[in-house]
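*Asks:* For the sequence shown, our numbering assigns the number 1 to the initial residue and increments by one for each residue that follows.
Misleading hints may appear alongside valid ones.
Below 20 angstroms or equal to it, Euclidean Cα-Cα: the simulated SDA-like pairs (lysine to any residue) are [what the hints assert, rightly or not]:
#1 K58 to F68
#2 K58 to I76
#3 K58 to G73
#4 K104 to Y94
#5 K70 to T84
#6 K58 to R86
#7 K70 to V16
#8 K5 to V103
#9 K75 to L47
#10 K19 to K70
#11 K70 to E51
#12 K5 to W100
#13 K70 to G83
#14 K58 to L47
#15 K75 to Y94
#16 K58 to V16
#17 K75 to M12
#18 K104 to H7
#19 K75 to F18
#20 K62 to R86
#21 K104 to I76
#22 K70 to S34
#23 K104 to G73
#24 K58 to W78
It is worth saying that the hints were derived from the structure and are not from the lab.
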Amino acid sequence: MTILKHHLTQDMDEFVNFKDHHTLHASCATIHYSSFLYRTFRFPEPLLEAEAIEFTRKYFLKENLRGFIKFSGFKIIWIDHHGTVRTSYYPPDYKITKSWLMVKPIVPMGGKVYLR
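With the sequences and hints as input, model every part of the structure.
*Replies:* This is the structure:
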């Protein structure tokens, strides 16, 4: 169990390091029309994160849309039709019991993973 805890600590350290020191590029954003209707649009070329946010924010303001830019398994940048930008991060999240490691799913509808 000590080895497992050590690796989980390293995983969190890696997440923090990546969050603080890496430049991300986005190639697309997703428009959220309604609770069940989405459409993905591609940027003309991959953009730096800040450029992608500004491009998407301006487009959503002009067209009165909302949606997000997703960096799978790491974070989602939400942009509403008023141009408000919010970021949700997905750090490693888990619980260690006597005989199980329970990993929290990245999204609420995701499955559960148990390691023994």
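*Asks:* Out of the numbered hints, which ones does the structure contradict?
*Replies:* 3 and 16
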